[in-house]
Amino acid sequence: MKTFKNIAILTIVCLIFQSCADLLDTIPNDRISTNIFWKTEKDATLGANAVYTHMIETASHYTSWDGMTDIGYTHLPQSPESFILQGQFDALNSRVYTDYVSLYSGVRTANSFLANVDKVQTTNAALIDRLKGEVRVLRAYFYGRLAFLFGDVPLVTTEISLAESKVLTRTPVSDVWDFVSTELTQAADQLPTTQTEKGRVTKGTSLALKARYMLQAGRHQAAADAALAVMNLTGVYALNASYKALFTTAQENSKEIIFDIQFIKGTISNDIFSVLAQQSLSSKSLFVPTKVIVDSYEMTNGLAIDAPGSGFNPNSPYANRDPRLSHSVFVPGDILPNGATFNPKPNSTTGDAVGSTFTVSPTGFNVKKYVNAEDLTTPTNSGINLILLRYAEVLLTYAEAKVELNQLDASVYTAINSIRQRADVNMPIILAGKTQTELRAIVRHERMVELAFEGQRYFDIRRWRIAETVMPGKVYGMTYLDPSNVLQTVEVLAWTNSWSSRNYLWPIPQIERDINKSLSQNTDW
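Residues are numbered in my numbering as their position in the sequence shown, beginning at 1, plus a constant of 4.
In short, the hints are calculated from the structure, not lab data.
Hints are supplied without guarantee of correctness; some may be wrong.
[Claimed, not checked] Computed cross-link-like contacts, SDA-like style, restricted to lysine to any residue with a CA-CA straight-line distance of at most 20 angstroms:
#1 Lys269 / Ala254
#2 Lys349 / Pro336
#3 Lys438 / Asp428
#4 Lys136 / Leu159
[As the list claims (entries may be wrong)] Simulated restraints on C-beta separations:
#5 Lys46 / Ser502: 46 to 56 angstroms
#6 Ser83 / Asn305: 35 to 45 angstroms
#7 Asn489 / Lys202: 16 to 26 angstroms
The structure presented is a predicted model; accordingly, all values stated were derived computationally and were not measured.
Every residue gets a Cβ at the ideal spot worked out from N, C-alpha and C, and that includes glycine.
Whole structure, please, built from the sequences with the hints as guidance.
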C-alpha cells in the first residue's frame, strides 16, 4: 500500500516551502504565516511531509549516478552528465549546480520544520518527537550527499535571512560528517523500528544511512557499528528470497527494503520504465549497461570469466553466469516483458538494432531492474518505488568496514555469503582464510554486481580512489557473430570517458560563488 495519502496537499505545501532563490536565501515564514500554520497536529505532519517531497527530486537522477561510471552509459551527448564523463565540466555545469541547490533546498525545508514545529498545540508529544526524528534523518541525508560530492560546505541548521545566506563560509567536511553522524545517532533514538505508513523514516533507516555515510567518510569502526545495529534489529530486516522480485511492485514492502522513494501510478509517478527499457517497448534506453558490468558477473562455479578453467564460452557469453546478471540486465536473446525476443544485433528488424536510431541501446544491453510488464502501456507513468537503502547494502557495508579494520572474522564471511546464497542467486560461498587484500577485492566485486544500477557505483569508485583506473577509455557493449561468423564487440563512438584527480570533488557552483563571495572553491577548480 502506498503512503502519504494526502499527496496533493503534500506537494502544494512543498511548493510553498520552496523558492527558486539560491542557497538558503529565504525562510519559509516568508510564505507561510505562523498565524495560520504550525497550529495543529496535521500542520506538523504536513510540514514533515514537505521535507519528504525533496526526496522525489532524487528520483530524477536515480539512474544517472551509475551512468557516470564504468558500468553504465547515459547516451545524451550534450547532457551535463556527458561532460562529467568526458572530464569536460567545470563550476558552470548544470548537474553540479542542480544537485547543490536541490540538496540545500531540502536542508532549508528541514530547518524550517525544526524551527517551527514546537509551536504546534498538541498533547501528543510522541508524534512531534517522531516527526522531528524523521526530519533530522532527511536533513542528514542531504548533508551527507553534499559532503561527499563537494567536501567543505556551509553547515546551516537554523533558519537564516537572505543577508546571512550571502556571507556563509564553508564548514570543514570533517565537521559536516561529525554533524551527520550525531544527527543520525540521536534521531535513531527518536524513531520506531517500524512505521504504520510505509515509506517513512525508521530507526533502521537512520542507522543504515549512518553506516553508508560513515563508510563514505572513511570512518570504518563507526560504519561497522551502525551496520551491526541494523543487523541486530531482530525480525525487522532480512534478505528477500528472490533478488529478481525485489524490483517489482509485488515486493515493494519486502523486509529487505529499508528506505525507498514512494510513487503512486497516475498521481506521483516516475518514468523509470521509459528511461531504461528498449525502443521496441516504446521507450528510450537512455541509461544502459556496459560490457564492464556484464563481464563482471562470475560464472556459476564462482570463477571470473577470464579465470583459467572458468568454462566461459565467448560464443555463448551469457550462459552459466551468476544469476544476478539475468535478473539485472537484458542481454541478447532474453524475453522482453511483451513476450518478444530481445535482438539488438546490427541489422536486426526488431526495432532494437544497435546503431539504428538514437533511442536504442548503443551497447546492446538494457537494464532489467524496475522494467516490468505492468508499465508496458504507460512507460512514462510508473508507480514502482525506487529503492534507496536495502539490507544487502548494510551487510556489504558491515563486511567492508570489518575488512578495512582488518577484523577478518566469521561474521564477514557470513555477511557476504548470505547475499551470494540468496535462493534465486545461489552462488558458491566464499571460503574462510582469505587475506585482507583478497577479501577487499571480493567485497568490492559484490557491491558492484549486487547493487548495480541502484546509484552506488559512482560513490564507490570515488571513495576507493580507483576512478582514474576504471574510468578512462572507450565504452564497449555486447559481442556478437557477424555474417562472416567472426566475433565482434560493439564500440560506442559518441565519446571517450576520462577522469582527472580533481574530479574526486565537484566544484562549488559558480552561480553560488557569484552570489556569496565568501564561498571558496575546491582545489584545481
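Status of the hints after comparison with the structure:
As the CA atoms of Lys269 and Ala254 are separated by approximately 14 angstroms, the hinted pair is consistent with the 20 angstroms bound. Annotation: proposed proximity of Lys349 to Pro336 holds, straight-line Cα distance about 8 angstroms (limit 20 angstroms). Restraint check for Lys438 and Asp428: the C-alpha separation of about 26 angstroms exceeds 20 angstroms, so the hint is violated. Under the criterion of a C-alpha separation no larger than 20 angstroms, the hint pairing Lys136 with Leu159 is consistent with the structure, at around 18 angstroms.
In this structure the hint that Lys46 and Ser502 lie 46 to 56 angstroms apart at CB holds, the actual value being about 52 angstroms. Look at Ser83 against Asn305: about 40 angstroms separates their beta carbons, and that is inside 35 to 45 angstroms. A hinted range of 16 to 26 angstroms for the beta carbons of Asn489 and Lys202 is inconsistent with their spacing of about 53 angstroms.
Of the numbered hints listed earlier, those contradicted by the structure are 3 and 7.
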